[in-house]
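Undergrad: Work the whole structure out from these sequences, hints included.
Protein chains: 2
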Amino acid sequence: MKCSKVVLADDHQFLLEGILSILKEEPDLEIVATALNGIELMDVVAKQKPQLVILDLNMPGYDGLQCLQKIKADFTETKVLVLTNYIQPELVEEVRKMKAEGYLIKNSSAAELKEAVKTILAGGVSYPASDELKSISDDSYFFDEFLKKYQLTKREVQIIRMVCQEKSTKQIAAELFLSELTINTHRRNILRKLELNNVAGLMNFARENQLL
Amino acid sequence: MKCSKVVLADDHQFLLEGILSILKEEPDLEIVATALNGIELMDVVAKQKPQLVILDLNMPGYDGLQCLQKIKADFTETKVLVLTNYIQPELVEEVRKMKAEGYLIKNSSAAELKEAVKTILAGGVSYPASDELKSISDDSYFFDEFLKKYQLTKREVQIIRMVCQEKSTKQIAAELFLSELTINTHRRNILRKLELNNVAGLMNFARENQLL
DNA sequence: CCAGCAATACCTACCAGTAGGTATTTTTTT
DNA sequence: AAAAAAATACCTACTGGTAGGTATTGCTGG
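Respectively, the protein sequence lines represent chains A and B.
Just so you know, we're using numbering that gives the first Met the number 0 here: the first sequence kicks off at 0 and counts up by one.
Just so you know, we're using numbering that gives the first Met the number 0 here: the second sequence kicks off at 0 and counts up by one.
In short, the hints are calculated from the structure, not lab data.
All values reported here derive from a predicted model rather than from experimental measurement.
Worth double-checking, as some hints may not be accurate.
[Claimed, not checked] DSBU-like, lysine-lysine: derived pairs with alpha carbons at most 35 Å apart:
| # | chain 1 | residue 1 | chain 2 | residue 2 |
| --- | --- | --- | --- | --- |
| 1 | B | K69 | A | K147 |
| 2 | B | K192 | A | K147 |
| 3 | A | K117 | A | K46 |
| 4 | B | K192 | A | K169 |
| 5 | A | K98 | B | K147 |
| 6 | B | K192 | A | K98 |
| 7 | A | K23 | B | K192 |
| 8 | B | K71 | B | K148 |
TA: This is the structure we're talking about:
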């Protein structure tokens with residue numbers, strides 16, 4: 000097996016170094032370039048035609064999803080492993096629809112990264128198991144701990160998530176087949192329990208606690 | 000000079016590896032432990048009494064600022080280098096007030112990290128130059144591109160940031176010595192330009208575009 | 001079985017944010 | 001110096017979110 004050309008794209012220098020140091024132990028990989036943003040990345044891909052791009056979704060300027068789309072449109076031979084911070088089932092779906100070969104959460108281990116890269120270069124795909132997604136986002140030990148810590152209920156967390164998706168009380172009520180008054184009550188209870196005053200506070204809370 | 004004990008704390012495995020691989024080239028450093036969250040970190044610090052903690056501010060659960068405060072209160076010998084994604088002058092100020100020895104933006108280079116660590120262990124402090132803060136957050140090429148893309152002004156971006164910090168129109172007006180009516184106008188212009196309807200949408204936009 | 005909690009729902013009130021239009025002054029660009 | 005863009009400011013109106021209190025139903029664990 001000969002060396003596969005790999006390109007890394009991430010806006011964090013340290014993360015690049017981290018991935019680099021993990022992957023350079025692999026003899027059959029050659030990291031030919033790194034990119035700190037989407038524009039750089041597209042340049043490099045056009046020049047190098049790599050077998051694999053490891054792509055951070057959260058880059059400034061043109062974002063990762065756009066890069067993914069462009070790579071998949073213009074360079075059919077190039078495989079893409081998406082790296083991201085958060086585990087939103089909808090995001091995973093979107094990435095899957097865009098035909099990326101893999102999806103990896105950033106706080107995975109080095110071994111998981113190597114495994115994913117190997118799988119993809121061998122022609123496979125590497126996505127988090129759906130139960131893994133679910134377990135992290137809903138039923139895990141940490142989630143219960145989290146609920147207890149803030150005295151929140153599952154329904155309340157569900158509504159927090161919907162508020163963070165820019166949905167209004169009215170929309171939420173319609174989607175859940177409930178009265179607006181009920182949603183109103185939930186929202187008030189949420190803000191009271193978390194000692195917050197507005198949606199902005201709620202979203203910061205959600206982000207800090209990885210609810211998004 | 001003998002080895003200095005260093006502890007790393009970050010919730011991203013890859014970033015830990017990255018920093019590790021950068022710092023293990025330094026002969027006079029010994030990375031004695033890593034921590035993936037605040038609780039782990041406090042355990043490790045109590046056991047190891049390291050000379051230096053490199054601390055990510057964006058950790059889940061108990062956050063970095065709380066760790067910083069606790070370390071500074073309980074372990075006066077331990078120096079702290081704060082690592083963070085974002086460059087908000089107020090955050091830098093807060094960290095400075097909490098007596099951290101350094102503050103480094105995550106997409107700095109490996110050389111900058113080594114430099115900061117060296118400076119701190121030699122008894123100095125390492126903070127980004129104020130013009131650097133300004134230049135990164137305000138005058139960079141990407142920032143201008145970004146403004147043009149969405150037809151936003153600097154003032155508007157400033158207000159977006161403040162809204163995202165849970166500040167009300169009234170508070171923003173007071174802080175900037177402006178009329179509430181002016182802030183109102185800015186907010187309306189922002190939502191119109193970005194085709195958004197509410198604060199939640201605005202915060203998602205801000206996050207996607209690394210404004211926070 | 002009963003207590004307690006979660007989820008549902010209503011009424012009222014108030015305030016903050018959204019939305020339209022317009023206008024003046026200051027700053028930047030040409 | 002003139003034109004364009006940005007920042008400031010006001011008036012009005014409406015909507016949506018925040019906030020208080022209360023009540024009913026259903027489920028769950030001691």
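Undergrad: With reference to the structure, classify each hint as holding or not holding.
TA: How the hints compare with the structure:
Restraint check: the Cα-Cα separation between K69 of chain B and K147 of chain A comes to about 24 Å, which is no more than 35 Å; the hinted pair holds. With a C-alpha separation of about 41 Å, the suggested pairing of K192 of chain B with K147 of chain A is violated against the 35 Å cut-off. For the hint linking K117 of chain A to K46 of chain A, the alpha-carbon distance of about 23 Å falls within 35 Å, and the restraint holds. In summary, the hint linking K192 of chain B to K169 of chain A is supported, as the alpha carbons are separated by about 24 Å, within the 35 Å threshold.
The suggested pairing of K98 of chain A with K147 of chain B holds, with an alpha-carbon distance near 31 Å, which does not exceed 35 Å. With a CA separation close to 32 Å, the supplied pair K192 of chain B and K98 of chain A stays within the 35 Å bound. Note on K23 of chain A and K192 of chain B: the hinted pairing is violated, with a Cα-Cα distance of about 45 Å set against a maximum of 35 Å. A distance of roughly 43 Å separates the Cα atoms of K71 of chain B and K148 of chain B; the hinted pair therefore is violated under the 35 Å criterion.
Consistency with the previously given hints fails for numbers 2, 7, 8, ordered from lowest to highest.
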